[in-house]
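Engineer: The lines below spell out each chain.
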Amino acid sequence: MSTKRHLMGMNDVDRADIERILETAAGFEDVVERDVKKVPTLRGRTVVNLFYESSTRTSSSFELAAKRLSADVVSVKSSGSSVDKGESLKDTIRTLNAYKPNIIVIRHPHIGAAQLTARWSDAHVVNAGDGKHQHPTQALLDLYTIKKRLGRLDDVKVAIVGDILHSRVARSDIEAFQMMGLDVTLIGPPALIPPGIVEATGVKVSDDPEAMSEADVIYVLRMQHERMEPGQNYLPSLREYARVWGVNARRVRPGQVVMHPGPMNRGVEIAPDVADSGVSLVENQVEAGLVVRMAVLYDLMTRPSIGTVIDIRERTGEWGAA
Amino acid sequence: MSTLSTRVLLDADQIARTLARMGSEIVERHPDLSQVHLVGIRSRGVPLAERIRDRIKETTGIEVPVGAVDISFYRDDVGIRADADDRIGDHPVVGETVFDGPIEGATIVLIDDVLYTGRTVRAAIDAVFDYGRPACVQLAVLADRGHRELPIRADFVGKNLPTQGAEHVRVRLQETDGVDEVVLIGGDGGAES
Numbered sequence: 018m019s020t021k022r023h024l025m026g027m028n029d030v031d032r033a034d035i036e037r038i039l040e041t042a043a044g045f046e047d048v049v050e051r052d053v054k055k056v057p058t059l060r061g062r063t064v065v066n067l068f069y070e071s072s073t074r075t076s077s078s079f080e081l082a083a084k085r086l087s088a089d090v091v092s093v094k095s096s097g098s099s100v101d102k103g104e105s106l107k108d109t110i111r112t113l114n115a116y117k118p119n120i121i122v123i124r125h126p127h128i129g130a131a132q133l134t135a136r137w138s139d140a141h142v143v144n145a146g147d148g149k150h151q152h153p154t155q156a157l158l159d160l161y162t163i164k165k166r167l168g169r170l171d172d173v174k175v176a177i178v179g180d181i182l183h184s185r186v187a188r189s190d191i192e193a194f195q196m197m198g199l200d201v202t203l204i205g206p207p208a209l210i211p212p213g214i215v216e217a218t219g220v221k222v223s224d225d226p227e228a229m230s231e232a233d234v235i236y237v238l239r240m241q242h243e244r245m246e247p248g249q250n251y252l253p254s255l256r257e258y259a260r261v262w263g264v265n266a267r268r269v270r271p272g273q274v275v276m277h278p279g280p281m282n283r284g285v286e287i288a289p290d291v292a293d294s295g296v297s298l299v300e301n302q303v304e305a306g307l308v309v310r311m312a313v314l315y316d317l318m319t320r321p322s323i324g325t326v327i328d329i330r331e332r333t334g335e336w337g338a339a
Numbered sequence: 038m039s040t041l042s043t044r045v046l047l048d049a050d051q052i053a054r055t056l057a058r059m060g061s062e063i064v065e066r067h068p069d070l071s072q073v074h075l076v077g078i079r080s081r082g083v084p085l086a087e088r089i090r091d092r093i094k095e096t097t098g099i100e101v102p103v104g105a106v107d108i109s110f111y112r113d114d115v116g117i118r119a120d121a122d123d124r125i126g127d128h129p130v131v132g133e134t135v136f137d138g139p140i141e142g143a144t145i146v147l148i149d150d151v152l153y154t155g156r157t158v159r160a161a162i163d164a165v166f167d168y169g170r171p172a173c174v175q176l177a178v179l180a181d182r183g184h185r186e187l188p189i190r191a192d193f194v195g196k197n198l199p200t201q202g203a204e205h206v207r208v209r210l211q212e213t214d215g216v217d218e219v220v221l222i223g224g225d226g227g228a229e230s
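Those protein sequence lines, which keep their order, are chains S and D. In case it helps, the working numbering puts the first sequence at residues 18 to 339. In case it helps, the working numbering puts the second sequence at residues 38 to 230.
Derived from the structure by calculation, the hints contain no laboratory data. Please note: incorrect hints may appear among the correct ones.
Said to hold, decoys possible - Using C-beta positions, here's what the derived DEER-type ranges look like:
#1 D:THR213 x S:ASP139: 34 to 44 angstroms
#2 D:VAL216 x S:ASP225: 53 to 63 angstroms
#3 S:ASP139 x D:ARG54: 49 to 59 angstroms
#4 D:ASP214 x S:ARG60: 51 to 61 angstroms
#5 S:LYS55 x D:ARG66: 57 to 67 angstroms
#6 D:GLU212 x S:GLY272: 57 to 67 angstroms
#7 S:SER95 x D:VAL135: 42 to 52 angstroms
#8 S:PRO212 x D:GLU87: 28 to 38 angstroms
#9 S:LYS21 x D:THR43: 49 to 59 angstroms
Claimed, not checked - Footprint (simulated), chain D over chain S, 3 or more residues, beta carbon under 8 angstroms:
#10 30-44
#11 289-303
#12 314-320
Using N, Cα and C, we set each Cβ at its ideal position, and we do this for glycine too.
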């Protein structure tokens with residue numbers, strides 16, 4: 018008995034999986050740089066991108082990644098519709114499943130939407146962000162970006178700064194960074210640090226903005242206004258936040274690099290004098306997103322199902338026998 | 038699982054002599070070596086290409102360029118094997134595809150260790166053409182074990198090795214495996230010769 022592979026969150030992969038995906042992504046660098054920016058790998062396969070939340074970079078990145086692999090791509094956006102948990106998501110998935118997609122990429126405001134998609138469809142499912150929960154391809158592309166710039170992952174000191182409480186990027190990044198041996202410190206106002214995170218993950222936490230100076234990488238999170246519950250006073254004001262926690266050129270010391278998952282609130286969590294400077298890896302992250310998502314789609318389609326029995330003789334090469 | 042029998046078909050000396058002969062044949066076929074570009078198919082085709090280049094240089098003084106092509110993204114079985122529970126893809130690390138100079142108008146000699154179904158070669162030809170349009174593409178293999186599934190033949194063959202479908206031919210090289218040998222891994226014992 019075997020189970021189809023999915024990428025719902027970072028606990029679907031281990032260290033070896035991540036290393037393999039990052040290596041495969043590096044192999045795609047050469048494809049996206051040459052004149053013919055396409056390989057026939059997923060020719061005749063179908064990828065459905067289903068986005069229930071607004072997105073520029075993630076949806077365009079997945080769409081281009083699938084196209085560069087020669088897959089047929091259907092992109093469905095449902096922003097502002099009345100779709101909620103339950104039947105209507107199920108009906109949408111069942112409808113799209115009738116096209117027999119090989120992979121469904123889903124972004125949804127509710128935690129667990131990707132798991133439901135996997136239950137209701139026959140496709141490999143990639144979670145492109147579910148509520149405050151997980152965003153695994155963002156974590157993989159962040160690792161790729163750090164490794165490419167710094168040449169290593171082991172013992173790299175990362176300060177994740179800002180609204181950790183509402184951030185799925187932070188959740189996936191913390192898991193991914195710890196799995197790969199990075200040293201993670203969460204920095205921000207105590208109201209925006211999830212309670213119990215130290216006990217659950219073993220990360221370090223600081224409410225001192227000066228702690229950023231210790232890091233090799235300052236990872237700035239977006240202030241997630243839309244996920245903050247009304248009436249809750251997480252912050253005195255955005256101006257106050259920017260003054261105390263905002264990452265500006267004065268804050269960044271030589272040798273440090275700054276990352277941000279986008280979209281940026283310029284002047285709030287990140288100042289334009291950092292966002293537009295050479296220390297910002299934001300555009301590198303976008304470039305990494307393309308090759309890493311190509312690698313994720315490729316990996317889902319080429320790895321055996323979970324629980325597959327491996328025949329040693331098949332491993333001796335000569336794949337052409339297949 | 039039963040132990041599989043193995044038999045050495047070519048030893049280090051025989052491999053060295055075979056590669057020297059293949060180098061001579063390439064020179065004989067292409068008196069003007071200026072357009073020739075050897076391209077090894079990853080992984081074991083690459084060290085073989087480098088060795089053939091060295092043999093050609095010894096006899097002619099000319100160093101022909103060597104490139105490498107990785108066919109991982111050009112395979113015809115992506116998704117087929119992953120979906121079928123009885124098959125597994127050995128999923129090697131994806132290597133770079135590189136050429137030592139332009140391939141536009143060049144004579145590409147693809148080099149691989151074993152020619153079997155022909156699917157690897159088909160994938161390699163597709164990959165090369167996504168980088169440019171060579172004048173012609175030829176194929177050199179250390180061992181041809183038969184059982185083609187595509188209309189592909191080698192222009193330069195080190196050794197013909199008639200085999201049965203259930204058997205496996207393994208080429209091991211110093212650069213990748215620490216030893217130079219070609220072995221037959223038997224399906225039914227591999228005893229007949």
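Engineer: If a hint holds in the structure, say so; if it does not, say that too.
Structural biologist: Evaluation of the provided hints:
1. A hinted range of 34 to 44 angstroms for the beta carbons of THR213 (chain D) and ASP139 (chain S) is consistent with their spacing of about 39 angstroms.
2. One distance hint, 53 to 63 angstroms for the beta-carbon pair VAL216 (chain D) and ASP225 (chain S), holds here, with the actual separation near 58 angstroms.
3. Judged by the Cβ atoms, the range 49 to 59 angstroms given for ASP139 (chain S) and ARG54 (chain D) holds: they are separated by roughly 54 angstroms.
4. A hinted range of 51 to 61 angstroms for the beta carbons of ASP214 (chain D) and ARG60 (chain S) is inconsistent with their spacing of about 33 angstroms.
5. Roughly 33 angstroms separates the CB atoms of LYS55 (chain S) and ARG66 (chain D), a value that falls outside the hinted 57 to 67 angstroms.
6. Between GLU212 (chain D) and GLY272 (chain S) the beta carbon distance is about 38 angstroms. The supplied range of 57 to 67 angstroms is therefore violated.
7. At about 44 angstroms, the beta-carbon gap between SER95 (chain S) and VAL135 (chain D) stays in the expected band of 42 to 52 angstroms.
8. As the Cβ distance of PRO212 (chain S) to GLU87 (chain D) is approximately 59 angstroms, the hint placing it in 28 to 38 angstroms is violated.
9. The supplied range of 49 to 59 angstroms is broken by LYS21 (chain S) and THR43 (chain D), whose beta-carbon atoms lie about 36 angstroms from each other.
10. Remark: the stretch 30-44 of chain S is confirmed as covered by chain D, as 5 of its residues place a Cβ nearer than 8 angstroms to a Cβ of that chain, reaching the required three.
11. Counting residues of the stretch 289-303 of chain S whose CB lies closer than 8 angstroms to any CB of chain D gives 0, which falls below the minimum of 3, so the coverage claim is violated.
12. Chain D is given as covering the stretch 314-320 of chain S, and this holds because 5 residues of the stretch bring a CB closer than 8 angstroms to a CB of that chain, at least three being needed.
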